[in-house]
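Make a model of the complete structure from these sequences and hints.
2 protein chains.
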Amino acid sequence: MTIGIEQIVNQLRNILAYEQVSTNETVRELHGRDESHHATSLPDIVVFPHSTADVSAILQIAHAARVAVVPFGVGSSLEGNAIPIEQGISIDFSKMNTILDIRPEDLLVKVQPGVTRSQLNKELKKHGLQFTVDPGADATLGGMAATNASGTTAVRYGVMRDQVRDLEVVLADGTVIHTGSLAAKSSSGYHLNGLFVGSEGTLGCFTELTLKVYGIPEFVTAGRAVFPTVGEAVSAVAALLQAGIMVGRVELVDEASMVQANIYNETSYEEKPTLFLEFHGNETGMQEDIEFATAIFEDFNCSSIAFETDNAARNKLWEARHSLAYAYIHAYPGKKLMSTDVCVPISVLAETILYARKQLDAVGLAGGLVGHVGDGNFHALLMLDPANAEEQAKADRFNEHIVQYALLRGGSCTGEHGVGIGKMKYQATEHGASLLVMKSIKAALDPHNIMNPGKIFTM
Amino acid sequence: MTIGIEQIVNQLRNILAYEQVSTNETVRELHGRDESHHATSLPDIVVFPHSTADVSAILQIAHAARVAVVPFGVGSSLEGNAIPIEQGISIDFSKMNTILDIRPEDLLVKVQPGVTRSQLNKELKKHGLQFTVDPGADATLGGMAATNASGTTAVRYGVMRDQVRDLEVVLADGTVIHTGSLAAKSSSGYHLNGLFVGSEGTLGCFTELTLKVYGIPEFVTAGRAVFPTVGEAVSAVAALLQAGIMVGRVELVDEASMVQANIYNETSYEEKPTLFLEFHGNETGMQEDIEFATAIFEDFNCSSIAFETDNAARNKLWEARHSLAYAYIHAYPGKKLMSTDVCVPISVLAETILYARKQLDAVGLAGGLVGHVGDGNFHALLMLDPANAEEQAKADRFNEHIVQYALLRGGSCTGEHGVGIGKMKYQATEHGASLLVMKSIKAALDPHNIMNPGKIFTM
Numbered sequence: 001m002t003i004g005i006e007q008i009v010n011q012l013r014n015i016l017a018y019e020q021v022s023t024n025e026t027v028r029e030l031h032g033r034d035e036s037h038h039a040t041s042l043p044d045i046v047v048f049p050h051s052t053a054d055v056s057a058i059l060q061i062a063h064a065a066r067v068a069v070v071p072f073g074v075g076s077s078l079e080g081n082a083i084p085i086e087q088g089i090s091i092d093f094s095k096m097n098t099i100l101d102i103r104p105e106d107l108l109v110k111v112q113p114g115v116t117r118s119q120l121n122k123e124l125k126k127h128g129l130q131f132t133v134d135p136g137a138d139a140t141l142g143g144m145a146a147t148n149a150s151g152t153t154a155v156r157y158g159v160m161r162d163q164v165r166d167l168e169v170v171l172a173d174g175t176v177i178h179t180g181s182l183a184a185k186s187s188s189g190y191h192l193n194g195l196f197v198g199s200e201g202t203l204g205c206f207t208e209l210t211l212k213v214y215g216i217p218e219f220v221t222a223g224r225a226v227f228p229t230v231g232e233a234v235s236a237v238a239a240l241l242q243a244g245i246m247v248g249r250v251e252l253v254d255e256a257s258m259v260q261a262n263i264y265n266e267t268s269y270e271e272k273p274t275l276f277l278e279f280h281g282n283e284t285g286m287q288e289d290i291e292f293a294t295a296i297f298e299d300f301n302c303s304s305i306a307f308e309t310d311n312a313a314r315n316k317l318w319e320a321r322h323s324l325a326y327a328y329i330h331a332y333p334g335k336k337l338m339s340t341d342v343c344v345p346i347s348v349l350a351e352t353i354l355y356a357r358k359q360l361d362a363v364g365l366a367g368g369l370v371g372h373v374g375d376g377n378f379h380a381l382l383m384l385d386p387a388n389a390e391e392q393a394k395a396d397r398f399n400e401h402i403v404q405y406a407l408l409r410g411g412s413c414t415g416e417h418g419v420g421i422g423k424m425k426y427q428a429t430e431h432g433a434s435l436l437v438m439k440s441i442k443a444a445l446d447p448h449n450i451m452n453p454g455k456i457f458t459m
Numbered sequence: 001m002t003i004g005i006e007q008i009v010n011q012l013r014n015i016l017a018y019e020q021v022s023t024n025e026t027v028r029e030l031h032g033r034d035e036s037h038h039a040t041s042l043p044d045i046v047v048f049p050h051s052t053a054d055v056s057a058i059l060q061i062a063h064a065a066r067v068a069v070v071p072f073g074v075g076s077s078l079e080g081n082a083i084p085i086e087q088g089i090s091i092d093f094s095k096m097n098t099i100l101d102i103r104p105e106d107l108l109v110k111v112q113p114g115v116t117r118s119q120l121n122k123e124l125k126k127h128g129l130q131f132t133v134d135p136g137a138d139a140t141l142g143g144m145a146a147t148n149a150s151g152t153t154a155v156r157y158g159v160m161r162d163q164v165r166d167l168e169v170v171l172a173d174g175t176v177i178h179t180g181s182l183a184a185k186s187s188s189g190y191h192l193n194g195l196f197v198g199s200e201g202t203l204g205c206f207t208e209l210t211l212k213v214y215g216i217p218e219f220v221t222a223g224r225a226v227f228p229t230v231g232e233a234v235s236a237v238a239a240l241l242q243a244g245i246m247v248g249r250v251e252l253v254d255e256a257s258m259v260q261a262n263i264y265n266e267t268s269y270e271e272k273p274t275l276f277l278e279f280h281g282n283e284t285g286m287q288e289d290i291e292f293a294t295a296i297f298e299d300f301n302c303s304s305i306a307f308e309t310d311n312a313a314r315n316k317l318w319e320a321r322h323s324l325a326y327a328y329i330h331a332y333p334g335k336k337l338m339s340t341d342v343c344v345p346i347s348v349l350a351e352t353i354l355y356a357r358k359q360l361d362a363v364g365l366a367g368g369l370v371g372h373v374g375d376g377n378f379h380a381l382l383m384l385d386p387a388n389a390e391e392q393a394k395a396d397r398f399n400e401h402i403v404q405y406a407l408l409r410g411g412s413c414t415g416e417h418g419v420g421i422g423k424m425k426y427q428a429t430e431h432g433a434s435l436l437v438m439k440s441i442k443a444a445l446d447p448h449n450i451m452n453p454g455k456i457f458t459m
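Residue numbers (full-length UniProt numbering), protein chains in the order written: chain A, 1 to 459; chain B, 1 to 459.
Rather than coming from a laboratory, the hints here were simulated on the basis of the structure. Among these hints, one or two may not hold up.
What the hints assert, rightly or not - Straight-line distance between alpha carbons at most 16 Å, and here's what the computed EDC-like set of lysine to aspartate or glutamate pairs gives:
hint, chain 1, residue 1, chain 2, residue 2
1, B, Lys110, B, Glu123
2, B, Lys212, B, Asp101
3, A, Lys212, B, Glu271
4, A, Lys110, A, Glu123
5, B, Lys110, B, Glu208
6, B, Lys212, A, Asp162
As the list claims (entries may be wrong) - Quick partial rundown of chain B residues pointing at chain A, CB under 7 Å, derived from the structure:
hint, residue
7, Ala312
8, Ala313
9, Ser347
10, Asp375
11, Ala428
12, Thr429
13, Glu430
Every residue gets a Cβ at the ideal spot worked out from N, C-alpha and C, and that includes glycine.
Shown next as structure tokens:
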């Protein structure tokens, strides 16, 4: 940095209101961490823009001063994605949280980046609409676009990238661009929507998002099916997808996790690999899909299967899955949750999960496996004390083993959490010469490397 | 070019077999045009690679010699996308037409770029699978990825970009990269799949494609519904989609086109705006969807509706839609078909189609309107003699009017044909400052501008 923090603060105060620029220690601390186990690093300054013009002016100052800038939503990222490891300016988007436009006929909505998932769905419900991406956390839509978030519904509706029709982006030098249009499809020019989604703040700041929404399904049925082995559960899901049955959600919870869920909820569910399902659709078609699914599950030795349609009973049926993270956190007071995130072709998913289980037992860490099995994406939920170097080293070794296993089988080191800090070391192996292409794009768009520097890859 | 064509031919002959390098006039002519009205321009040399290594070696030579390179599939593009306007080397991928791997459990297939759509579907059928993108022409999959093709099934299964899991790409300097993986989703690094799909040969040559495939639906029903006006037909489709009814295909054919179809097929269908539909799914669910669709259509004054389930009857029902391009070509011997391609938000589709009809009548060209109405994408099919400057000028003026109309309403100048030569003039209006981002990416990846130069934008 060629000029001091104080000068930058003065420059920012020239263009923003007093309360929009903070160097308060507590405010900086809130912007120095996320929900991951990665080390805290405080920004020098936190700014709270109200508009695209504010963001553009902030970036012009940062660009001229060569100071690092990190966009910040609610800090729910899981790989240190929003931690300002080179300090500088954290741009907090919480004041840009307006739902700008709902277009039911176009099944589109335009929002500011600080709008959260639950805030949007509450508003959409009035129109009989829903936003489908559900990563668990009540993240901001800007943050979800930045990491290409997904979650339990991706098997049916796709990931965050599939929902983005247009982004307004402020580039590193303050230039404002739009990456798409309102058209449902386009073959006009390079697909910048896809490039910016998942760029984790390294290419620019999102200031508006135009997103696809869906009608709330007429009927929803929840299901739970128990299998003797993880292999049989995963094979049953693969068969379901091959048969073209549209499942709304399909989640695997392993034996160890069912044990934790029983303790936490004081329940007595069978402690065997269990699939949690949802079917969305019209009543009779869904009934036929459920009958077909039941027949497939029986072919894979499913020992018990239950379905529920009313809302309370559906929530009860999914209880073990819903409460899983809490169950682990509750069982290991003082420890932090760490989540791995590989995604593999579904043909090798069962063997990858079994390998992960074996490795987890071998390193001797407490944890379980939970998977978005329709997509081949699963998480090992590990409980560890980040201050305990030995535990952290074990967790890192375990993560390394399953990532390498996944990459060798054509998979990805991260299905939905993003690269952040934690997955940087796998980028060269996963992408090979492509990594140079990514770096050349980054260099072209952010020549001074001010946008979330030190994330995804080092320049 | 710093060295002569003869020297380049010699260099190419050093690395390829004799028959893989051609300067024959007839061969060059076959590679100097596509199915559009754009002017022919012959390449100096046509090469026929057999492998990725061949393509890499060809590009190394071209890169060193600063000679233009244009990838070529079967020449079915509609905007001059594969016409070598700066001459140089046309790379014909017809010898790289092997289906490399079919993975039913992963619903994936790996193909070389010269494999055609019908070739792939013939092979997939043996496994109960289908590749869904259907642009009409029997294009190569490499070409379809290059223009981000789509067609009648996009409303249900998405466009070409949605199907691409991984591309092997040879960059301008001969470097070979992979843009994705076999994982169904990934948040690892920049989304190069999305960037390369639709890049029209300006960023590299595709040498392998890993694509998503689907189970052949259990039941298919075809439908045809007649409406008093285009507005009512389009509103009915919007209501269908808002209700969450999954339609497999939904095509609008306007009055003028129904007239042509009746003449060509010697039929007597009502000469009114007509929707052609397909429903895919399980038997009972589909039946419920069809009943719901019928009720919606009646709300929009549908005057007649018919459904068919067996294959021959389905084809008969769709006859007018299927034969449309032939009907026009047959009616205007000696003229060439020109197709416009805007895509707009569905809320303004009806008014855009009505505007197009009015403009078409105003310029006095023969033609009709046909639309992938579920996506907001429609084509005006114009018959013209490209040698007749006045007719060409009229067609250009008409196209200009509807593109500007669409862009003002948040649409795109091309829904599926790509930019090629014909839509270059609209790129600045459509993309604004984004166009500079696209150019900076192009400059970073192809610094000597050898890859399909003069397409999409000029550097």
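| Under the criterion of a CB-CB separation shorter than 7 Å, is Thr429(B) in contact with chain A as hinted? | At about 10 Å, which exceeds the 7 Å cut-off, the nearest Cβ of chain A leaves the hint on Thr429(B) violated.
| task | With chain A as the partner, please determine if Ala428(B) meets the hint condition of a C-beta pair closer than 7 Å. | result | For Ala428(B), the interface hint is violated, since the closest Cβ of chain A sits about 10 Å away, which is over 7 Å.
| Pairwise hint evaluation, Glu271(B) against Lys212(A), where the allowed Cα distance is 16 Å at most | violated (35 Å)
| Does the interface hint hold: is Glu430(B) within less than 7 Å of chain A, judged Cβ to Cβ? | holds (6 Å)
| Given Ala312(B) was flagged as interface, is its beta-carbon under 7 Å from a beta-carbon of chain A? | violated (24 Å)
| message | Lys110(A) and Glu123(A) were given as a pair; does the straight-line alpha-carbon distance stay at or below 16 Å? | response | holds (12 Å)
| field | Restraint check, 7 Å cut-off on beta carbons, for Ser347(B) near chain A | value | Hint holds; Ser347(B) Cβ to chain A Cβ min 4 Å, cut 7 Å.
| Are the Cα positions of Lys212(B) and Asp101(B) separated by 16 Å at most? | Cα-Cα ~12 Å, so holds.
| task | Identify whether the interface hint at Asp375(B) stands, where standing means a beta carbon of chain A within less than 7 Å of its own. | result | Asp375(B) check passes; min Cβ-Cβ to chain A is 4 Å, inside 7 Å.
| request: Hold the hint about Ala313(B) up to the distance rule: shortest CB distance to chain A must be less than 7 Å. | output: violated (23 Å)
| field | Agreement of Lys110(B) and Glu208(B) with the hint, judged by alpha carbon distance not exceeding 16 Å | value | holds (7 Å)
| Holds or violated: Lys212(B) to Asp162(A), with C-alpha atoms at most 16 Å apart | Holds. Lys212(B) to Asp162(A) sits at ~15 Å (cutoff 16 Å).
Hint compliance for this structure: hints 3, 7, 8, 11, 12 are broken, all remaining hints hold.
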